[in-house]
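*Asks:* As a plain string of letters, each chain reads:
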Amino acid sequence: MPSVFYRFTMLFLFMAVGAVSVVLVKPSEGILGLGIAAGAFIWLIWDNWCSLQFILWVHRIEDEPDAPPPWLDNIRQETAEYIQRTLRRQSHRTKEFENQLYDFQSVLQASPNSVIILNAQDCIEWCNRTASIHFGLDAKRDLAQRITHLLRSPALIKKLAERDFAEPFVVESPLATDTHPMRLEVLFLPHGQGRLFMLSRDITAIEQAEAMRRNFVAEVSHEIRTPLTVLAGFIETLQTLSPSEEERGSILMRMAHQAERMKNLVNDLLTLSRLENNAQLRLDEWIPVASMLERLGIDARSLSTHLNGQAAPKHEIIFEGADTPDEIAGIKTELQSAFSNLVNNAIRYTPPGGKIIVTWQMNAEGGARFSVRDNGIGIAPEHIPRLMERFYRVDLNRSNASSGTGLGLAIVRHVLQRHDAKLEIDSTLSHGACFSVTFPAERVR
Amino acid sequence: MIEKHLSSQFDSDLNDVCSRLMEMGGLVETQIQRTISALAEFSVDEFNNVVDTETRIDQMEVEIDRMLTAVVARRQPAARDLRLLLAISKITTNLERAGDEACKIGMRVKSLVESGKTRQMPIGDLRVASNLAASLIQRSLNAFARLDVPAAISIYKEDDLIDREFKGFTRKLITYMMENPHIISSCLDLLFIAKAIERIGDHAKNITEFIIYIVHGTDVRHSKLEGIEAIVVH
Numbered sequence: 049m050p051s052v053f054y055r056f057t058m059l060f061l062f063m064a065v066g067a068v069s070v071v072l073v074k075p076s077e078g079i080l081g082l083g084i085a086a087g088a089f090i091w092l093i094w095d096n097w098c099s100l101q102f103i104l105w106v107h108r109i110e111d112e113p114d115a116p117p118p119w120l121d122n123i124r125q126e127t128a129e130y131i132q133r134t135l136r137r138q139s140h141r142t143k144e145f146e147n148q149l150y151d152f153q154s155v156l157q158a159s160p161n162s163v164i165i166l167n168a169q170d171c172i173e174w175c176n177r178t179a180s181i182h183f184g185l186d187a188k189r190d191l192a193q194r195i196t197h198l199l200r201s202p203a204l205i206k207k208l209a210e211r212d213f214a215e216p217f218v219v220e221s222p223l224a225t226d227t228h229p230m231r232l233e234v235l236f237l238p239h240g241q242g243r244l245f246m247l248s249r250d251i252t253a254i255e256q257a258e259a260m261r262r263n264f265v266a267e268v269s270h271e272i273r274t275p276l277t278v279l280a281g282f283i284e285t286l287q288t289l290s291p292s293e294e295e296r297g298s299i300l301m302r303m304a305h306q307a308e309r310m311k312n313l314v315n316d317l318l319t320l321s322r323l324e325n326n327a328q329l330r331l332d333e334w335i336p337v338a339s340m341l342e343r344l345g346i347d348a349r350s351l352s353t354h355l356n357g358q359a360a361p362k363h364e365i366i367f368e369g370a371d372t373p374d375e376i377a378g379i380k381t382e383l384q385s386a387f388s389n390l391v392n393n394a395i396r397y398t399p400p401g402g403k404i405i406v407t408w409q410m411n412a413e414g415g416a417r418f419s420v421r422d423n424g425i426g427i428a429p430e431h432i433p434r435l436m437e438r439f440y441r442v443d444l445n446r447s448n449a450s451s452g453t454g455l456g457l458a459i460v461r462h463v464l465q466r467h468d469a470k471l472e473i474d475s476t477l478s479h480g481a482c483f484s485v486t487f488p489a490e491r492v493r
Numbered sequence: 026m027i028e029k030h031l032s033s034q035f036d037s038d039l040n041d042v043c044s045r046l047m048e049m050g051g052l053v054e055t056q057i058q059r060t061i062s063a064l065a066e067f068s069v070d071e072f073n074n075v076v077d078t079e080t081r082i083d084q085m086e087v088e089i090d091r092m093l094t095a096v097v098a099r100r101q102p103a104a105r106d107l108r109l110l111l112a113i114s115k116i117t118t119n120l121e122r123a124g125d126e127a128c129k130i131g132m133r134v135k136s137l138v139e140s141g142k143t144r145q146m147p148i149g150d151l152r153v154a155s156n157l158a159a160s161l162i163q164r165s166l167n168a169f170a171r172l173d174v175p176a177a178i179s180i181y182k183e184d185d186l187i188d189r190e191f192k193g194f195t196r197k198l199i200t201y202m203m204e205n206p207h208i209i210s211s212c213l214d215l216l217f218i219a220k221a222i223e224r225i226g227d228h229a230k231n232i233t234e235f236i237i238y239i240v241h242g243t244d245v246r247h248s249k250l251e252g253i254e255a256i257v258v259h
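Note that the protein sequences, when read in sequence, are chains A and B. Be aware that the first sequence starts at 49, since it is given in the numbering used here, and climbs by one per residue. Be aware that the second sequence starts at 26, since it is given in the numbering used here, and climbs by one per residue.
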């Protein structure tokens with residue numbers, strides 16, 4: 049407030065100085081008024097000069113906020129200081145907001161879900177990097193583009209047109225291909241005046257896992273039902289017909305066979321679930337290999353006799369290789385079951401009279417290699433990658449004849465994973481197969 | 026994709042037509058995807074859906090043309106806006122035809138499945154070409170939305186790949202038919218499918234020509250690739 053009076057004071061001061069100086073220089077009639085007018089005129093020029101400086105400074109301050117105000121009269125000085133203070137406070141606040149916005153954006157950027165912000169016309173205002181992975185959107189180029197111009201899935205367009213945002217829905221990613229399917233769950237969250245927040249989540253893996261689980265249940269049920277059907281059939285025969293003693297014996301034997309098959313299946317399932325549930329494995333138990341191989345030989349020969357009967361030519365089963373390394377670190381029952389699964393497979397898929405060679409030897413890196421080679425029917429290359437899947441059968445017609453459970457190699461895979469071992473399969477159709485397991489150096493001694 | 030006009034109503038009219046076109050494009054894309062997977066798996070489960078979508082696409086073509094007439098009559102557009110509207114009209118026609126071709130594939134697959142001779146058919150080669158055709162349509166629509174001329178030209182070049190695949194496949198079919206005359210009718214079905222795939226690729230290529238027309242104002246139909254690149258550079 050005092051600065052307002054200051055201006056008037058200055059005006060009067062100039063007028064007074066003008067009047068006095070004129071009167072002093074040449075006192076005459078009417079000169080007083082002229083002096084006052086001259087003083088006022090000089091003051092006007094000075095005041096305008098101050099205004100000019102002030103305006104120039106105001107223009108300058110945008111670029112250099114710290115520029116000091118030029119020497120001015122009191123009222124402008126005060127205004128200048130006020131402007132500078134406000135500007136400083138505001139730029140400080142803007143910076144804070146910017147930092148906050150940047151933080152928010154980097155949080156959204158880091159999200160594994162894609163985040164797309166749409167305005168009321170469904171145009172893209174902002175999207176994160178995941179949006180380009182999910183939908184192929186370009187965070188720079190596609191701004192202000194209507195989302196439906198780039199994501200043209202009819203389901204998505206329909207939801208947007210009907211403004212039906214209650215439920216999330218699933219769309220195929222435009223980037224999905226045969227080899228890399230991508231299914232996305234999309235959710236729209238409306239906020240403030242028709243604007244939308246669009247989220248999408250990659251559910252390909254979840255859907256695949258779900259499909260695998262469904263398949264697994266279906267397959268287990270199927271595998272269990274087959275022997276059960278046979279058993280039920282025999283039971284019905286025994287109840288309704290009265291078979292002779294000899295027939296009864298044969299029927300009971302076949303029933304026992306089916307019961308055995310079911311027991312094996314359930315045992316294998318239990319083994320698998322046990323293997324999957326505890327992944328930890330200690331290194332401290334050392335198992336002698338020699339006794340394991342001996343046991344393997346006995347089991348293999350009895351299986352060969354069991355499958356082919358006493359009369360048929362038996363498989364020739366040969367154990368080769370060195371005595372060292374003579375111990376493996378791991379769990380005996382698991383390794384025994386993995387090895388015997390490999391040998392049993394060789395026997396099952398090699399016709400009678402065939403040759404099976406089991407080798408145990410040290411390799412160049414100090415580890416050990418266990419391999420089973422046969423000259424049986426072999427495996428076509430397209431089946432090899434899928435052999436380890438549960439219930440995967442190369443030839444559906446063989447599943448009954450060879451009476452395997454279809455879980456053998458799945459068990460082998462799990463056991464070997466737990467023992468840090470690697471399995472390699474090498475085979476040509478009708479020329480036999482070789483399954484070899486390599487143990488790392490720290491697991492053998 | 027549209028620059029601001031004085032009349033915001035005009036902007037919104039243009040945007041609406043574009044959105045309609047893209048919606049139709051989305052339907053055609055799904056249509057192609059569906060028939061491709063029907064072809065890969067020899068299934069006819071989706072056949073009724075394909076026929077329904079085909080009718081929907083036809084309706085949309087008529088609807089978009091009506092919208093275009095209204096915009097032209099009311100706004101009397103000039104320069105780039107006029108080119109955009111003309112191009113949309115042409116692209117609609119191309120999309121509708123691509124949809125027709127997809128529908129044809131669906132019908133041929135149905136007749137193949139019904140013939141029961143699907144096992145002996147050399148379908149692996151078709152899968153590559155059909156995926157390529159689907160991606161060309163998808164990318165040409167993306168290029169249209171972004172008015173992206175470099176992308177348009179790369180699509181233009183890739184169409185040759187499909188044409189080459191088609192020629193190779195025809196030769197292969199001839200050997201199949203010579204070896205086993207019993208499967209000639211199925212082989213003819215496959216030949217028509219291959220032709221339809223090749224046509225879908227051509228329609229994608231046509232769409233890219235209109236993108237160049239909108240952006241550069243030059244009609245590049247029936248001109249050589251070098252000519253097109255020269256226009257785009259200047």
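Keep in mind that a hint or two might mislead.
Here are some, though not all, of the chain A residues that point toward chain B, as calculated from beta-carbon distances under 10 angstroms [stated by the list, open to error]: (1) Arg200; (2) Ala203; (3) Pro373.
Treat the hints as calculated values from the structure; they're not laboratory data. All values derive from a computational prediction rather than experimental measurement. The beta-carbon is built from N, C-alpha and C at its ideal position, and this holds for glycine as well.
*Asks:* How about A:Arg200: closest beta carbon in chain B under 10 angstroms, or not?
*Replies:* Check passed: Cβ of A:Arg200 comes within 3 angstroms of chain B, closer than 10 angstroms.
*Asks:* Next item in the hint list is A:Pro373. Is there a CB on chain B closer than 10 angstroms to its CB?
*Replies:* 47 angstroms, violated
*Asks:* Measuring from the C-beta of A:Ala203 to each C-beta in chain B, is the shortest one below 10 angstroms?
*Replies:* 9 angstroms, holds
Checked against the numbered hints given earlier, this structure breaks only hint 3.
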